[in-house]
Amino acid sequence: MSKDNRLPPGTHFMMGNFALAEGAVAAGCNFVAGYPITPASEIVNRLSVLLPPIGGGFLQTEDEISAICSAIGASWSGAKAMTATSGPGISLMQENIGFAAATETPLVIVDVQRMGPSTGVPSVGLAGDVIQVARGSHGDYQIIALSPESPQEMFDMVIRAFNLAETYRVPVFVMPEAFTGHMREQVVIPDPSEIKLTSRKISEPGTDPLSRQDFQDPDVAAMPVFGHGFKSHVTSSCHDAHGMRNLSDPTTMHNFITKPIEKILKHRDDIVETTADYNEGDIVLMAYGSVSRSAKAAATIARKEGLNVGTLSLKTLWPLADREMAAAAQKASRVIVLENNTGQLFPYIKAETAEFCPVDFMGPKILGQIHDPAQVLSFIKEKVS
Amino acid sequence: MSVIEHPLRKFTRPHVKKTTTCPGCGNGIVAQAILRSIDELGLNMDDFVFVSGIGCSAWIPSPLFAADTLHTTHGRPVAFATGVKLGRPESNVMVASGDGDLTAIGGNHLIHAARRNIDLTVVLVNNGIYGMTGGQAAPTTPRGLTTITSPYGSMEHALNISEMITAAGAPYVARWTTFHPRQLARSIKKGIQKKGFALIEAVSQCPVQFGRASKIGKAVNMLQHFKDNSIRVSKAAEMSEAELQGKIIVGEFADKEKVELSSQWIELSKQMMEEESCHVKS
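Quick note, the sequences are listed as chains R and F, same order. Residues 1 to 385 (my numbering) make up the first sequence, in order. Residues 1001 to 1282 (my numbering) make up the second sequence, in order.
Keep in mind that the hints were calculated from the coordinates and are not lab data. Hints may contain errors.
What the hints assert, rightly or not - Chain F residues, not near chain R, derived (Cβ > 12 Å throughout):
hint, residue
1, Met1001
2, Cys1022
3, Ser1062
4, Glu1090
5, Ala1158
6, Gly1217
7, Leu1223
8, Val1233
9, Ser1234
10, Glu1241
11, Gly1246
What the hints assert, rightly or not - In silico DSS-like cross-links for lysine-lysine, where the CA-CA straight-line distance does not exceed 30 Å:
hint, chain 1, residue 1, chain 2, residue 2
12, R, Lys331, R, Lys304
13, F, Lys1215, F, Lys1235
14, F, Lys1018, R, Lys231
15, R, Lys365, R, Lys304
16, F, Lys1270, F, Lys1215
17, R, Lys365, R, Lys350
18, R, Lys304, R, Lys266
19, R, Lys196, F, Lys1270
20, F, Lys1010, R, Lys231
21, F, Lys1215, F, Lys1018
22, R, Lys296, R, Lys350
23, F, Lys1270, F, Lys1018
24, F, Lys1258, F, Lys1270
25, R, Lys259, F, Lys1227
26, R, Lys201, F, Lys1270
27, F, Lys1235, R, Lys231
28, F, Lys1010, F, Lys1195
29, R, Lys315, R, Lys383
30, R, Lys331, R, Lys266
31, R, Lys266, R, Lys201
32, R, Lys331, R, Lys259
33, R, Lys350, R, Lys315
34, R, Lys259, F, Lys1018
35, R, Lys315, R, Lys196
36, F, Lys1227, R, Lys231
37, F, Lys1215, R, Lys231
38, R, Lys315, R, Lys201
All C-beta atoms in this analysis are idealised placements derived from N, C-alpha and C, irrespective of residue type, glycine included.
Bound-form chain R, shown alone (with noise of 0.2 Å):
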């Protein structure tokens, strides 16, 4: 009996969140971090199982705190490193995923989202978290956030979060909310000659930190991971290029700030990920997640009944999708954004869209509850009337 735990290519039916753990192993990960949480305990269930028998290991940690901590240690030693948790664990995750954000770190963060705030609702999705991974560490910096709205998304974003996190040296978080984690499907799992995988550039052989630029590079420093003899300097504190803590120099703390942010938003367009289904004239459904299958859904029937109503499903939250929704805009007739909680990115849509065409919020009925695609229309027909 094969001790590779790993799913066979082909196609299966299976939950979101063991589709995630495979995608996760596919991509080349080989170190994850976590503490149990509801709804996004079963990745790392999964994962404890599939690491060991390719020379990785899951660590279960006493906290979040440890688990993010432990991950970024582990990406600094070289490691492919992931956590995964909810919204809770995010909250308690805030702090690191600065230190991450300021130490260039590569790292994936699962955060399969359940109704907040405080304990909540574990088990019941809402996405709740959507400012909370781009604004709740302290300070200025920019991160990247994908949307998956399917077991198959939850397969295939894992895998492009690592690769967007080894190609820039940054925290990516792969958003599900719980009805995705804990949703069962068809996931097709391709030949690992099929998937592209991307590793970080690591520093040039005995060289020392004063003769290289190790962070702050908005074309993505080379990382002079740990155990090459880089003597590299890693501090959380306001830094230099090379690593060297500066506290008093007005420019190094512009740049500590400002570069990688610009590294991220240099490189949005390879970033950035939509789709678009719309036509001249549309209503624009603009949503992401599971919310996207609702505005999908709910676009179909309307255009059954000779409605002009198309979609723009964000696969990307962060960095924003900001061209993206302002071209959808100048050729929509009206836009609504169709959100999961209160409406945590409208006012950034908003922001992209209103001087081109109305622009409308609607939440779900009953928050936590999916988006009814038959009061979606009810919702189009109220605007149009």
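Using the hints, position chain F against chain R.
Chain F only, in chain R's frame:
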């Protein structure tokens, strides 16, 4: 005039010409003890990753030591170091940080690293007070001490770090003071060589904050205080609690062999990969 270079200068970053520590601080004694132990073991600085948190003693390795150094957030160096070690088990991973960092805000990580028995060497500099932030009471501050946040005298009991970590299962635990630099270096050496979690508690002087608050005074007075009040573990065992009041028990609290975490990770993977290759061959 010839200039004699410090024999341990080879272990420090050439461009770092000064440290951030106050005159009389114990950090220099602890830094020397660490570097001397590495020198005496004949190890290379490139075999080490040094991890520290926030506080004065977290600046012992960063930026001074010419090695991979990871200067982390407050309280978290042991958690970071755990990931560094599991990601790269062949490296010696050493944490140098203070009592506030490792036992107040980061206390849980320290306990669980000892429980897991992961191969880290933790040099914990205990000065009994928050030095960098201006002399606030710490979990290690003696009861009754008047500090900036205990102006009527601290009402809390001080934590016995070495006993706590011994109870958590660490296979090597020792406590010395900065009056015992040779013994300190010897214990750090044993900690590095120990395959497992090692805690070396270095009771150290902060003349600026603790010296002033306790009225013990300057560095020399504090070292004299350490000398006069240190009691060996073996002798302390024969003394009553009342007799031990205000004393610093020094020596080894634990020195045993115990199965270690990172080697178990390697062993498990090795076994499973071998079974896998047998399966592929058959």
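Is the Cα-Cα distance between Lys331/R and Lys304/R 30 Å or less? 21 Å, holds
For the pair supplied as a hint, Lys1215/F and Lys1235/F, is the alpha-carbon distance within the 30 Å limit? Since the Cα atoms of Lys1215/F and Lys1235/F sit roughly 28 Å apart, the hinted pair holds (cutoff 30 Å).
Between Lys196/R and Lys1270/F, does the CA-CA distance stay at or below 30 Å? Distance ~27 Å between Lys196/R and Lys1270/F Cα, so the pair holds.
Please confirm whether Glu1090/F is truly not at the interface, meaning its C-beta sits more than 12 Å away from all C-beta atoms of chain R. 7 Å, violated
Is it correct that the beta-carbon of Leu1223/F has no partner in chain R closer than or equal to 12 Å? At about 30 Å from chain R, Leu1223/F clears the 12 Å cut-off, so the statement holds.
Given the hinted pair Lys1270/F and Lys1215/F, is their alpha-carbon gap at most 30 Å? 58 Å, violated
Minimum C-beta separation from Ser1234/F to chain R exceeding 12 Å: can you confirm that? Nearest chain R Cβ is 34 Å from Ser1234/F, so the label holds.
Just want to verify: Met1001/F was marked as not at the interface with chain R; is every Cβ pair farther apart than 12 Å? 28 Å, holds
Checking one constraint from the list: CA of Lys1215/F to CA of Lys1018/F, max 30 Å. Satisfied? With Cα atoms ~29 Å apart, Lys1215/F and Lys1018/F stay inside 30 Å; holds.
Distal placement of Cys1022/F relative to chain R, Cβ over 12 Å: 17 Å, holds
Verdict on Val1233/F as a residue remote from chain R, using beta-carbon distances over 12 Å: 29 Å, holds
Lys259/R and Lys1227/F: Cα distance at most 30 Å? 51 Å, violated
Hints 3, 4, 16, 18, 23, 25, 27, 32, 36, 37 from the earlier list are contradicted by this structure; the remaining hints agree with it.
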